[in-house]
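Residue numbers (UniProt numbering), protein chains in the order written: chain Z, 1 to 430; chain U, 1 to 445.
Simulated from the structure, these hints should not be mistaken for lab results. Treat the hints with caution; some may be incorrect.
Beta-carbon label-pair distances, calculated as ranges [claimed, not checked]:
id, chain 1, residue 1, chain 2, residue 2, range
1, Z, E134, U, L397, 22 to 30 Å
2, U, G384, Z, Y182, 54 to 62 Å
3, Z, G324, U, K99, 49 to 57 Å
4, U, P123, Z, D338, 40 to 48 Å
5, Z, P262, U, H268, 54 to 62 Å
Glycine included, every Cβ here is placed at the ideal spot set by N, Cα and C.
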Amino acid sequence: MSEPDIDKILSYGEKLADEAEVFMLDYTDISLEQREMAVSSVFEHAGRSLFVRVVKDKHIGISGTSDIARWKDCVDAAVSSAGLSEQVPGWTGFPEKTALPKGSDPFDPAVTVSPDLAAEYLDRMNAGAAIHPEARIVTGGVSLSNGSATIANSGGVYYMRKMSGISLGMDAICDTSTGYEYDSSPFLDRINPEKIGEDTAYWAKSSRNGVDVETKKYAVVFSEHVVDSLILDLFTEAVNGKNVLSKKSVFAGKLGEEVVHPSVSISDVPMDPAGFAWKRFDSEGTVTHDLSIVQNGVLSAFLYDVKTASQANTASTGHAHRAGNGATFIHPHCLKIDAPKADVMDKPCLYVREVIGAHTANSLTGEFSVEVANAFFAESGRFTRPVKKAMISGNIFDILRGGVSISAETKTFDGAIVPKMRIENMQVIG
Amino acid sequence: MEKIRYYDIRYVRGTVTSIQTENRVIENAGTSFYGKALFRVLGEHGWGYYCASSIDMDDKKTKAACLEKAAASSRLAGVHAEIADVPFGTPRSWSCSAKEQAETPLEEKARELLLLESSANIPEICSTSARYSEQYQDVIFEDSNGYEAASSVCRTLFTVTSVASRGADMQMNYEQEAVVGPLPLAKYIPFGEKCAKRAVELLDASAVAGGRMPAVLDPAIGGVFAHEAVGHASEGDAVRDGVSVLAEKLGEKVGSSVVTIIDDPSMHGYGYEPFDAEGVACGPTELIKNGVMNKYMHSRETLAAVGLDTGDAGHARAEPGMQPLVRMSNTYIQEGDSSYDEIVAECRKGVLLIGSRGGQVDPGRGAFQFNAKYGYLIENGETGKMIRDVSLSGDILSVLHNIALCGKERKMSSGMCGKGQSVPVSDGAPYVYLTDALVGGSGNV
């Protein structure tokens with residue numbers, strides 16, 4: 001078939017299994033890459049991905065393909081897969097059709113997949129970077145995309161989400177000091193290319209001539225980037241219902257217990273107006289809703305998809321996302337952290353804008369030991385001296401238990417709205 | 001209309017079969033299919049790319065339409081590029097079709113994976129999981145000069161993870177084996193128990209106090225040093241763009257004389273490629289030879305840009321449907337002449353770091369960081385107390401000069417490398433002694 005017929009795929013799947021489900025991504029994108037302050041390459045991409053799941057006697061089978069012409073092979077492979085996988089006790093079935101809550105998709109018609117628009121944003125980033133001419137812009141890039149995600153199952157669910165995206169990134173060097181900045185959003189008017197360019201050049205320029213650091217404990221302020229990549233990433237692993245079920249979470253068995261400082265609350269708000277990943281339904285068709293995960297320090301919920309919720313004898317919280325092989329994985333849509341607000345840089349601190357090696361942290365225990373990048377001593381909200389080289393070490397769960405203060409201003413990432421965070425007494429190795 | 005100076009088409013298709021088990025139950029098992037073609041056109045003012053999800057390579061009309069889309073993109077570019085004229089070489093062919101592996105029923109592989117995972121079920125282990133994957137990938141390459149190449153490679157891997165708990169304390173360990181070609185799971189069943197025992201031992205390990213000290217790196221973390229710290233900084237695009245501390249250092253002493261570091265796409269390791277994403281087959285490239293910066297890794301474009309005598313093309317790699325980037329394949333520190341005992345004795349007081357939990361580098365600044373799975377304190381030239389959550393960071397040039405001894409035996413480890421795209425790689429080293437290192441940790445030992 002020239003166009004994928006979802007009903008036909010479902011019908012074929014239902015003949016071979018008790019339930020069938022199709023998740024399909026349709027997308028076009030264009031990327032402009034810059035080198036030597038000019039466009040060095042242009043990349044266009046158009047495609048579809050098809051993911052099929054079937055359920056036979058509570059055994060779930062999965063398959064996926066980027067070659068839509070092979071949809072029948074894909075369904076057959078999913079049926080074979082069901083024959084191998086273990087029965088899911090308590091399986092409640094794919095979500096049923098229901099009225100979706102009101103709300104918009106993360107889609108902006110102004111994001112057109114056009115080289116002219118991409119070139120305009122690249123030029124605007126360069127204009128921003130020109131404010132700090134001491135820094136040399138090495139590379140830059142702009143990507144524009146739009147498309148749709150469709151979820152349909154044999155229970156009558158047939159939802160489509162329109163999506164758009166713009167992402168920008170730039171890196172610069174000044175002597176041997178480097179700077180990098182990026183941002184992305186479904187919405188054109190939430191992207192400030194001049195600021196991305198200016199910040200990139202600023203980080204490279206201002207990080208030169210760093211001073212040595214004495215090894216001892218400091219008050220440290222994490223940028224939004226570091227809070228997102230270090231603190232929230234590891235927290236997300238700990239509240240993932242699958243990790244809880246398989247006892248790979250330090251929070252397993254602690255629902256209702258105080259797990260962080262009583263001044264800290266963390267929630268997932270899928271349709272938060274300031275968020276990016278607006279989702280009225282998740283990637284298996286469960287309607288999403290606000291979820292309080294930690295309330296005043298007390299653990300109040302874990303995140304589930306349908307399968308893990310069935311295994312845990314509870315209901316899906318609507319946090320299914322889709323991996324490359326068609327299997328679901330659990331992830332928040334838009335995490336928000338609440339803690340005492342403060343001018344986090346008012347008192348003396350070591351500000352850490354980025355870390356090298358965030359992914360090497362221990363996802364089970366929360367231990368980390370990483371190298372800082374673009375770090376500065378700061379007083380009264382101003383950077384006083386850049387730091388030449390240092391490592392920071394600690395445990396993210398201990399940090400959250402010890403109490404933190406956060407900034408009122410936030411930065412939005414794909415899965416979270418994130419403030420800066422001040423942590424007293426962190427080990428810094430110079 | 002501007003002319004097309006060069007084009008190539010790289011069509012990659014394949015299947016991936018995977019099995020995941022969790023606490024001795026098959027979570028999922030199945031097969032996915034993929035096919036992506038990248039059309040790459042070099043015009044007067046730069047590169048244009050078009051990626052099609054799947055294509056019939058005999059369909060000349062569709063190919064022409066896709067090439068025209070890439071050509072239209074190239075007309076929007078504004079940076080003139082040249083590509084070096086290099087010999088395409090002769091691919092070194094290893095046994096990698098893994099026919100026997102493909103013919104083994106999935107049920108049997110699942111049963112063996114469950115046995116492997118079950119062997120990790122020892123006292124104090126609260127959770128186990130395992131994953132098996134086999135990928136069969138065909139690459140069909142052709143360019144505007146009439147050159148054609150084709151390859152079929154099988155990659156197989158397994159990972160087993162164990163979580164140990166005692167009271168409120170939990171520790172995790174994983175073991176992995178990943179190869180080009182067949183990987184008979186039955187042979188690796190004891191790996192589960194090995195993985196679990198280490199996780200239990202970690203419950204009694206201490207967090208180390210950070211600081212500057214001598215360090216011994218085992219072959220796994222020494223390999224990560226070769227990859228992260230030296231390999232990325234020796235990639236031709238970083239050199240061309242002036243964002244590598246190793247740029248403009250050819251012929252200069254950048255490390256101690258015992259240091260020789262090599263990248264070899266033709267080696268039978270996880271990063272093996274019969275030919276690269278530009279159709280070029282190459283052998284070993286000696287990046288650093290006896291402490292002297294010797295060669296960079298290149299694509300045809302970066303070789304032309306940096307200089308024909310600055311290294312070897314054949315190092316361009318790409319995910320299916322993505323543009324070629326200069327990447328590593330199998331990267332290692334060459335063996336020296338010291339025994340393990342001599343190295344630990346020479347260290348006297350420091351740390352021995354074992355295994356890798358990954359790393360990252362900023363080649364422009366010359367800063368790197370990586371984490372060990374665990375380690376041991378070295379006191380009076382002997383290994384002592386076990387330590388965990390320990391990391392190493394430093395600046396590339398200082399650490400290369402601080403390598404005082406290299407062991408006699410090298411081992412390779414397999415993994416994936418991310419640089420916008422993820423590609424399979426291996427890295428390795430003998431035991432390596434660093435006279436001075438910045439060790440990170442949040443403990444008191």
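Hints and how they fare:
1. E134(Z) with L397(U): 22 to 30 Å: With Cβ atoms ~23 Å apart, the hint holds.
2. G384(U) with Y182(Z): 54 to 62 Å: Violated - the Cβ-Cβ distance for G384(U) and Y182(Z), about 44 Å, lies outside 54 to 62 Å.
3. G324(Z) with K99(U): 49 to 57 Å: violated, 26 Å
4. P123(U) with D338(Z): 40 to 48 Å: Holds - the Cβ-Cβ distance for P123(U) and D338(Z), about 42 Å, lies within 40 to 48 Å.
5. P262(Z) with H268(U): 54 to 62 Å: Given about 57 Å between the Cβ atoms, the range holds.
Going through the hint list in order, the structure does not satisfy hints 2 and 3.
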